[in-house]
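Peer 1: All chains, please: the whole structure from these sequences, using the hints.
Protein chains in written order, with the numbering used here: chain A, 4 to 395; chain G, 36 to 139.
Read the hints as simulated data drawn from the structure, not as lab findings.
Each hint should be verified, as a subset may be incorrect.
[What the hints assert, rightly or not] Computed beta-carbon distance windows for the label pairs:
no.	chain 1	residue 1	chain 2	residue 2	range
1	G	V114	A	S49	49 to 55 Å
2	G	Q131	A	K342	33 to 39 Å
3	G	R92	A	E307	47 to 53 Å
4	A	W304	G	S105	33 to 39 Å
5	A	E82	G	T97	49 to 55 Å
6	G	V114	A	W304	46 to 52 Å
7	G	A110	A	R231	32 to 38 Å
8	G	A110	A	G301	39 to 45 Å
9	A	F233	G	V48	23 to 29 Å
10	A	S49	G	E67	26 to 32 Å
11	A	G362	G	E67	57 to 63 Å
12	G	G113	A	K113	43 to 49 Å
[Stated by the list, open to error] Examples of chain G residues toward chain A, derived with CB under 7 Å:
no.	residue
13	V58
14	G60
15	A68
16	L75
17	G96
Predicted model only: the values in this text are computed from it and were never measured.
Backbone N, C-alpha and C fix where the C-beta goes; we use that ideal spot for every residue, glycine too.
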Amino acid sequence: MSNSGYVPNLPNKPLWLLAELTYACPLQCPYCSNPLEFAKYKNELSTDDWKRVLREARKMGAAQLGFSGGEPLVRQDLEELIAEARQLGFYTNLITSGLGMDEKRIKAFKDAGLDHIQVSFQASNEEMNNLIAGTDAFQHKLEMARLVKKYDYEMVLCFVLHRQNIDQIRDVLDLTVKLQADYVELATTQYYGWAYHNREHLLPTREQLQRAEPVAHEFQERLKGKMRIFYVVPDYYEVRPKACMNGWGAVFLTIAPDGTALPCHAARQLPGMEFPNVRQHSVEWIWNQSPDFNRFRGFEWMKEPCRSCPEKEKDFGGCRCQAYMLTGDAANADPVCDKSPHHHVITDVIDRAARIAAGRESVARPILFRNPKNSRALLEAEAKQPETPQPA
Amino acid sequence: MAEAKEIKPTGKVYGADSVPQIVRGKRLQWEEAQNCWVILYPEGMIKLNNSSAEIMRRIDGTRSVAEIISDLKRAFPGVELDNDVYAFMEVAHEQQWIRPKPAQ
Numbered sequence: 004m005s006n007s008g009y010v011p012n013l014p015n016k017p018l019w020l021l022a023e024l025t026y027a028c029p030l031q032c033p034y035c036s037n038p039l040e041f042a043k044y045k046n047e048l049s050t051d052d053w054k055r056v057l058r059e060a061r062k063m064g065a066a067q068l069g070f071s072g073g074e075p076l077v078r079q080d081l082e083e084l085i086a087e088a089r090q091l092g093f094y095t096n097l098i099t100s101g102l103g104m105d106e107k108r109i110k111a112f113k114d115a116g117l118d119h120i121q122v123s124f125q126a127s128n129e130e131m132n133n134l135i136a137g138t139d140a141f142q143h144k145l146e147m148a149r150l151v152k153k154y155d156y157e158m159v160l161c162f163v164l165h166r167q168n169i170d171q172i173r174d175v176l177d178l179t180v181k182l183q184a185d186y187v188e189l190a191t192t193q194y195y196g197w198a199y200h201n202r203e204h205l206l207p208t209r210e211q212l213q214r215a216e217p218v219a220h221e222f223q224e225r226l227k228g229k230m231r232i233f234y235v236v237p238d239y240y241e242v243r244p245k246a247c248m249n250g251w252g253a254v255f256l257t258i259a260p261d262g263t264a265l266p267c268h269a270a271r272q273l274p275g276m277e278f279p280n281v282r283q284h285s286v287e288w289i290w291n292q293s294p295d296f297n298r299f300r301g302f303e304w305m306k307e308p309c310r311s312c313p314e315k316e317k318d319f320g321g322c323r324c325q326a327y328m329l330t331g332d333a334a335n336a337d338p339v340c341d342k343s344p345h346h347h348v349i350t351d352v353i354d355r356a357a358r359i360a361a362g363r364e365s366v367a368r369p370i371l372f373r374n375p376k377n378s379r380a381l382l383e384a385e386a387k388q389p390e391t392p393q394p395a
Numbered sequence: 036m037a038e039a040k041e042i043k044p045t046g047k048v049y050g051a052d053s054v055p056q057i058v059r060g061k062r063l064q065w066e067e068a069q070n071c072w073v074i075l076y077p078e079g080m081i082k083l084n085n086s087s088a089e090i091m092r093r094i095d096g097t098r099s100v101a102e103i104i105s106d107l108k109r110a111f112p113g114v115e116l117d118n119d120v121y122a123f124m125e126v127a128h129e130q131q132w133i134r135p136k137p138a139q
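Peer 2: This is how it looks when you write it as structure tokens:
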């Protein structure tokens, strides 16, 4: 017998299904990755639609399921969907702010077979948290974090870090120790959707990162064996792009609240795509046959410098959405890569963040909270004057 | 999905009387689409080869390592597997797939 225990990967299947059940959310986080125009998608899938999607995706080989949103707890059929998913053999993850949760619901999730809960926090102290989230959510979240543990789940906490709160990283980690968390994700803001719109307010400076990193490492060392801490530097500060979604149409399948199928949750903004909808097509057709899911598979679509790059099989040229947002062409290299001729777009943004933080320049527009009113206002402005990506 | 790294066990945790159990949050199941047994955990999946799966399937939080070995010997007569099972327990422990059940 061998101790190694692993067999090689089989051909690609949609292993990871992200079910964005709703865009509704009681929070208004300005770093939300939902699309800016979420207010225009009103037609949510029904319980039966979701059950069919779950069955079809499971048959295709999907094993991991994330219930997300918006805030998935807004859906009153969540318990029913968890039970269905678990019965199909999914490993079920709930990605939540904790708002809308109470003990009765956690117990119902447990009974339905929910495997895992991740609770997201906005910051370490009540004031900052309520400021960032725009509600009195904090005490409730602390209570929910404790309840998660009471129902024999690992306590998994996610803190989204950005310029406004990254200097409080020590307070954040002290809080997680006090709560006896099992796993803490210090998630750096990813600049999509609302976060992209608010980027000038959110991107940390290089100095902030240099201060934060040793603190994260100090806690990692100190809590070895007790609490796992996951910390990553924002990709804007890297010189190689992330292997976004492990490649387009490789393992991830997102279903948006209205049934639109996406290779990642930010892809909706890409031009020239008409992403298929599960109301019209089977998951099998969408994954294997649809033109959009095949669009950036493999390496044929690549331009230089990716096409001849020895690292293309490692990072797949980075993120298509980031390439589109920052260079105007989704088939370009992700400009995070310093081999990209557009890399200066990233360094310019970093330099400007430093000047803004130092008070030498001011932000171009006020921070915009993610809510239906602001979404509708953006849609109206868009109708008058279409917003194009920033030219490189 | 994450592929677990090869980890060399650092100590001996499991004896004949130890009762291993799968840790909270991890789940062993047959995965039809992969044609193998897998361990599922938050955001990941580990595919098991046949011999690892045969051992893992017998870890139920009630059977001791010695009982698991006897059971395997009944299923695979004539195979010398004691050392492999003990070694597997240590690796699975390092990987945080299993924990010994505290003595009653």
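Peer 1: Please test the hint of 32 to 38 Å on the beta carbon pair from G/A110 and A/R231.
Peer 2: holds, 36 Å
Peer 1: Per the hint of 39 to 45 Å, is the separation of the Cβ atoms of G/A110 and A/G301 within bounds?
Peer 2: Check passed, 43 Å falls within 39 to 45 Å.
Peer 1: Okay, G/G113 versus A/K113 on CB: inside 43 to 49 Å?
Peer 2: With a Cβ separation near 45 Å, G/G113 and A/K113 satisfy 43 to 49 Å, so the hint holds.
Peer 1: So does G/Q131 sit 33 to 39 Å from A/K342, Cβ to Cβ?
Peer 2: Once the Cβ atoms are compared, 38 Å apart, the range 33 to 39 Å for A/K342 and G/Q131 holds.
Peer 1: CB of G/V114 to CB of A/W304, is that within 46 to 52 Å?
Peer 2: holds, 50 Å
Peer 1: Holds or violated: 57 to 63 Å for the Cβ distance of A/G362 and G/E67?
Peer 2: Check passed, 60 Å falls within 57 to 63 Å.
Peer 1: Determine whether the Cβ-Cβ distance between A/F233 and G/V48 falls within the hinted range of 23 to 29 Å.
Peer 2: Once the Cβ atoms are compared, 26 Å apart, the range 23 to 29 Å for G/V48 and A/F233 holds.
Peer 1: Is it true that the C-beta distance of A/W304 to G/S105 lies inside 33 to 39 Å, as the hint says?
Peer 2: violated, 56 Å
Peer 1: Please verify that hint: G/A68, Cβ, nearest Cβ of chain A, below 7 Å or not.
Peer 2: holds, 3 Å
Peer 1: Quick check on a hinted range of 26 to 32 Å for A/S49 and G/E67, using CB atoms only.
Peer 2: Distance hint for A/S49, G/E67 holds at roughly 27 Å.
Peer 1: Measuring from beta carbon to beta carbon, are G/V114 and A/S49 in 49 to 55 Å?
Peer 2: holds, 53 Å
Peer 1: Is the hint on G/G96 kept, meaning its closest Cβ partner in chain A is under 7 Å away?
Peer 2: violated, 14 Å
Going through the hint list in order, the structure does not satisfy hints 4, 5, 13 and 17.
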